[in-house]
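J.: Sequence:
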Amino acid sequence: MALKLQPMTTTVQAPSSFTLPRSRMRRSPHRVYMASTLGITSKEIPNDKKPCMPPRVVHVQKTHSLPPEKIEIFKSLEGWAEQNILVHLKPVEKCWQPQDFLPDPASEGFEEQVKELRERTKEIPDDYFVVLVGDMITEEALPTYQTMLNTLDGVRDETGASLTPWAIWTRAWTAEENRHGDLLNKYLYLSGRVDMKQIEKTIQYLIGSGMDPQTENNPYLGFIYTSFQERATFISHGNTARLAKEHGDLKLAQVCGIIAADEKRHETAYTKIVEKLFEIDPDGTVLALADMM
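Just so you know, the working numbering puts the end of the sequence shown at 293, numbered straight through with nothing missing.
Incorrect hints may have been included.
[Claimed, not checked] BS3-like mimics (lysine-lysine), calculated; alpha carbons at most 25 Å apart, straight line: (1) K115 - K62; (2) K245 - K115; (3) K90 - K251; (4) K264 - K245; (5) K272 - K90; (6) K264 - K251; (7) K75 - K62; (8) K201 - K94; (9) K186 - K245; (10) K70 - K272; (11) K186 - K197; (12) K94 - K251; (13) K186 - K122; (14) K276 - K264; (15) K201 - K186; (16) K75 - K276; (17) K251 - K122; (18) K75 - K201; (19) K186 - K90; (20) K264 - K94; (21) K276 - K115; (22) K245 - K122; (23) K122 - K197; (24) K251 - K186.
[Said to hold, decoys possible] Ranges between beta-carbon positions, derived for each pair: (25) L190 - H59: 35 to 43 Å; (26) I235 - N178: 15 to 23 Å; (27) R265 - E69: 27 to 35 Å; (28) N239 - N84: 28 to 36 Å.
Just so you know, these hints were derived from the structure itself, not from any lab. Cβ coordinates follow ideal geometry from the N, Cα and C atoms, glycine included.
From just these sequences and the hints, can you work out the full model?
T.: Now the structure itself:
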């Protein structure tokens, strides 16, 4: 491992809620050296050669860590997945859609509905919108998450329209999740409270950069990761729902709450998969859990 120091100029401002001891406070601006441990085969991707992505470091990536006999476990679980995982999907015609919670552009009262939305959001503090934008951007990076699921050996969608239960789940899960970013994006746009162009650039950078959660094409690691991720989004959307209600926007509270409910349902499905793996391969699953911690 090599220790690399990267200079970065930044301005430090102590949060208003507390003050640092005088001996530890620094003048600003000042130069900070960011320390990182990089493998000797890591390489930097310069920004001028990758204009669609921010500067970053690509680390050595471990791939296909699951032995063939473990992959066969997922083949043997296809019948179980069809009976126990696909039931956590909702038929499209019974799903809510973003338009259920937004002003109707086809109605004569559209402009008045938008004014009402903007009036409701006017008194919500800025720090709430920072969190809500973070939630929305997370949801909008959905192509990255579907890509990650389709790297997993034994469960990936091999054709783009595979009829295995694992592939059906991935596509239908993606379709359900797609509504989340759509709804939050449109609500924030109509509110007039945020800089949409900067948000849109951030989303493009995020998707273009990709993500390596170090799941190694290993469905044990992948499903453990998604179990925790769905729990995290459930908690975050639940909190924004509660705070929106406290700030007086009951419609926004409903929006965040119904997204949280989807995340909870998806968490249930992913944790069921992990529970099944603990049942049939406890040693391999506990090692995978330790690897993801």
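J.: Are the Cα positions of K264 and K251 separated by 25 Å at most?
T.: This hinted pair holds, its Cα atoms lying about 20 Å apart.
J.: Regarding the pair K251 and K122, is the alpha-carbon distance no greater than 25 Å?
T.: Status holds; Cα separation ~14 Å.
J.: Okay, I235 versus N178 on CB: inside 15 to 23 Å?
T.: Since the Cβ atoms of I235 and N178 sit about 21 Å apart, the hinted range of 15 to 23 Å holds.
J.: Are the Cα atoms of K70 and K272 separated by 25 Å or less?
T.: holds, 18 Å
J.: Does 27 to 35 Å hold as the CB distance between R265 and E69, or does it fail?
T.: holds, 32 Å
J.: K186 and K197: Cα distance at most 25 Å?
T.: holds, 13 Å
J.: Sort out whether K90 lies within 25 Å of K272, counting only the CA atoms.
T.: holds, 17 Å
J.: Given the hinted pair K122 and K197, is their alpha-carbon gap at most 25 Å?
T.: holds, 20 Å
J.: Would the pair K276 and K264 pass a check requiring their Cα atoms to be no farther apart than 25 Å?
T.: Answer holds: K276 to K264 is near 18 Å, not above 25 Å.
J.: Starting from K90, check that the Cα of K251 is at most 25 Å away, please.
T.: holds, 23 Å
J.: Quick one, are K201 and K186 close enough, alpha carbons at most 25 Å?
T.: With a Cα-Cα distance of about 16 Å, the restraint between K201 and K186 holds, given a limit of 25 Å.
J.: Measure nothing beyond the straight line between the CA atoms of K251 and K186; if it is 25 Å or shorter, mark the hint as holding.
T.: holds, 13 Å
Hints 1, 8, 18 and 21 from the list above are not met by this structure, while the remaining hints are.
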